[in-house]
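All chains, please: the whole structure from these sequences, using the hints.
There are 2 protein chains.
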Amino acid sequence: MSGAGSAAHAAAEAFRTYGWWSGKQKGALLRAVAARLEAGGDEIVRTANEETALGLPRLQGELARTGNQLRMFAGLVEEGSWVDARIDHARADVRSMRRPVGPVAVFGASNFPLAFSVAGGDTASALAAGCPVIVKAHPAHPKTSRLVGRLISEVVPQGVFALVEGFEAGVELVKHPLIKAVGFTGSRRGGRALMDAAASRAEPIPVYAEMGSINPVFILPRALRERGAEIAAGLHASVTLGAGQFCTNPGLVLTTAAGGFVDELAKRMSATPCAPMLTESIADAYRAGVMRFASLAERKAFVEGGAALFSTSARNFLAHRELMDEVFGPSTLIVECESRERLLEVARALEGQLTATVHAAGGEISEYRDLLAVLETKAGRIVFNGYPTGVEVVPAMVHGGPYPATSDGRSTSVGTRAIERFTRLVAWQDAPDEVLPDELKESNPLRIRRMVDGAVIPSREDGDQSPT
Amino acid sequence: MSGAGSAAHAAAEAFRTYGWWSGKQKGALLRAVAARLEAGGDEIVRTANEETALGLPRLQGELARTGNQLRMFAGLVEEGSWVDARIDHARADVRSMRRPVGPVAVFGASNFPLAFSVAGGDTASALAAGCPVIVKAHPAHPKTSRLVGRLISEVVPQGVFALVEGFEAGVELVKHPLIKAVGFTGSRRGGRALMDAAASRAEPIPVYAEMGSINPVFILPRALRERGAEIAAGLHASVTLGAGQFCTNPGLVLTTAAGGFVDELAKRMSATPCAPMLTESIADAYRAGVMRFASLAERKAFVEGGAALFSTSARNFLAHRELMDEVFGPSTLIVECESRERLLEVARALEGQLTATVHAAGGEISEYRDLLAVLETKAGRIVFNGYPTGVEVVPAMVHGGPYPATSDGRSTSVGTRAIERFTRLVAWQDAPDEVLPDELKESNPLRIRRMVDGAVIPSREDGDQSPT
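Protein chains in written order, with the numbering used here: chain A, 723 to 1190; chain B, 723 to 1190.
These aren't lab readings, by the way, just hints derived from the structure by calculation.
Glycine residues also receive a C-beta, built at the ideal position from the N, C-alpha and C atoms.
Heads up, some of the hints might be wrong.
[Unchecked claim] Restraint ranges, calculated between C-beta atoms of paired labels, are given here:
hint : chain 1 : residue 1 : chain 2 : residue 2 : range
1    : A       : R911      : B       : D764      : 53 to 61 Å
2    : A       : P899      : B       : G1112     : 41 to 49 Å
3    : B       : E773      : A       : R911      : 44 to 52 Å
4    : B       : S922      : A       : H811      : 39 to 47 Å
5    : A       : D1152     : B       : L1040     : 27 to 35 Å
6    : B       : C996      : A       : D1175     : 50 to 58 Å
7    : B       : A959      : A       : P1167     : 30 to 38 Å
8    : A       : S724      : B       : R1182     : 51 to 59 Å
9    : A       : H811      : B       : S744      : 29 to 37 Å
10   : A       : D1175     : B       : A761      : 27 to 35 Å
Set out below in structure tokens:
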């Protein structure tokens, strides 16, 4: 049996027990993983620094984030109310909750060797749900992946976690009958291939692919006039942050009458030197993307291999849909719209996005309600007077968005709701109390929040809240 | 433009306003639909009675259920907390909630001309979510569909509802770029075709197909000994209810040492005369299924065109996977397992199911924890000492289950959670209060339940609950 095949069998075997671990047990496991990674943090960061060009401060920050994510999900499952427990004492006694879906395949990302990779958000949320995880390591950082995988395996029971490598192993996982869901962060081409493979299985399974986007930034006229220079500075920082290698990198800017703003931003961009990128192949793809845009856009300002700025008319932009493609790296395109209507037309023409950003002066936003209504159908997160890079890891966060930003616009891969991706609903009808999961027993031994006969009973932690 | 195409365009246009209707507005609309259908109830029931063989009492009951479902979702959206509103006052102010996904295509079912058809559960939950609905009428009851469609159109704004007919129109809807989700109740072949069509779109969309199942009933040895005759009577009633034309019809019974139980059930089944089925083609398919099973099972008891009972050994059952196919109608198959281990083996070999049922004597269930653990991975609802037919329309209900019972085992098509199928998550970051949906405004004007900085604040209706 192949590595992927035997890992899938071991995961299915482990699921029989791990799938029934209590929230407390799973929380302790996730905290143990976080602690083990932090204890090995120096070695992890050193290894990742040898394999990537991200640098120590960023890698140290990413390690901290990785631990925080694991602990966030630990807290969530220890508290326990996330399962959406419901009880109806109807003609029949019906009780239901979220249950783990089974073994999950996770594809590590190139651009986050720690926080969206072997021990990243997908792994943390799947383990928290009660699903064994098999990670397919990203080839951009194999040693880091192996090291993190080894440290996880030291604290996790047999079968609950495994690491495989290689393109073939990844495809085999997605097609394996014992795998019940897939998490992925990467390119649109790679994500769509996994979606198609999963949809063509005898038993189709859900794929949660985060495929990036161009994250449009709309600068409304008064905001541009009142604080154009400030926005240029902020935008420059966001576009070039981490050499532009974030899925929330703003690759498209839409304005009316951009004039001096383009000059201001061009000055900053063309003075930004070559920043080393994650891998040589990512750098090659970036250079190719910049050259493609250079041949299509009317104005350009860039240094070879460094930050790049293009600007073009709305007419030209709408005529060349390839200008909506993501150029992964520190590049952005300004589209100058000659009117408010043109701005709306461009907004309506956009594909699904992780984020959309609006800069508006005081009171100006109320004149653009129609734009906001369009953006709400296009993006998972709408940012006001800020920049899309920087995704807060909080319960309310939505890091998702309509296709092709993700494969499944209903979900989020960041924040506590990410756990819901790896669950399914199960109901018990007229079950003896002793066979019910603790979450559904009549006496509510875990004191979690539940909906009972249509009304919500607070949890032990909600208990001291008063209604507002 | 075709009927389906123009309906999709009208729905997309209507979504721009309907998608922002308040819960109170949507609730009033759903109540108006229910009232209009009830006012026209005599004509609806009379028309359905001419087109189907279901009979007046069943059709009257189904009309009442249809109204109740519409009012259940009305109540849900009027209360408003279903949107899962979350607010975090973090470094950034992040607020998120469920939003409607856009125009939805609904395929009416043959076996429920009212409650799972034009104004059925899929339509009610999609309209409640804020999605315009285009129903593709089932050809088994076209006049009923047109009548119900006309009555809905009398009270619903232009574009929010439309009815189309014909196979081609249905396919066109699923492939239309403006359609964002699909609801379906019907055959596995039909459901899978829609899943494949939706997955191969330029922008894949979710399909919620409820494709039926064989709903295994496990009768444990002591239960069989202590109340075999009673179970035989209950099972006979469940198998033959509505001529067996329910997706929760028990088509498979598993026991150890069935002996006298098979005789008991055979006596009842072979005395059950031909009941008229929904359509001639359903009746033809039923007769063909009975003949197929007759050629594979070792024992049989049936009357031509009437109720049918087969029994077979576990060995023969496992050797002929076609014995796991659904025979839509009043037929069931008893599989005699020579041991406890064999019973488990058969359970593990089953496909995904809407329901699984266990009959156990007092205390007996605790010896079968391993069986329950298997069933929990196979079914959306586990029934104890009862029968799977009869799906309570309550908040806790799960009418779903792993593929091939449904296309999306994460969801339910009955109960209040059905609304979640037609939504996606959207976050607002640092948004001015005036542009936020009421659900997310700082002052909580709707007084809904929200998660604020990780703690749940009760709604105006939860307010008087004390913690348990």
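Outcome of the hint check:
1. A:R911 / B:D764: 53 to 61 Å: 58 Å, holds
2. A:P899 / B:G1112: 41 to 49 Å: 33 Å, violated
3. B:E773 / A:R911: 44 to 52 Å: 49 Å, holds
4. B:S922 / A:H811: 39 to 47 Å: 45 Å, holds
5. A:D1152 / B:L1040: 27 to 35 Å: 30 Å, holds
6. B:C996 / A:D1175: 50 to 58 Å: 42 Å, violated
7. B:A959 / A:P1167: 30 to 38 Å: The hinted range 30 to 38 Å holds for A959 of chain B and P1167 of chain A, with Cβ atoms some 37 Å apart.
8. A:S724 / B:R1182: 51 to 59 Å: 57 Å, holds
9. A:H811 / B:S744: 29 to 37 Å: Because 31 Å falls inside the window, the suggested range holds.
10. A:D1175 / B:A761: 27 to 35 Å: Taking Cβ atoms as reference, D1175 of chain A and A761 of chain B lie about 31 Å apart, which means the hint holds.
Comparing the model with each earlier hint shows violations of hints 2 and 6; every other hint is respected.
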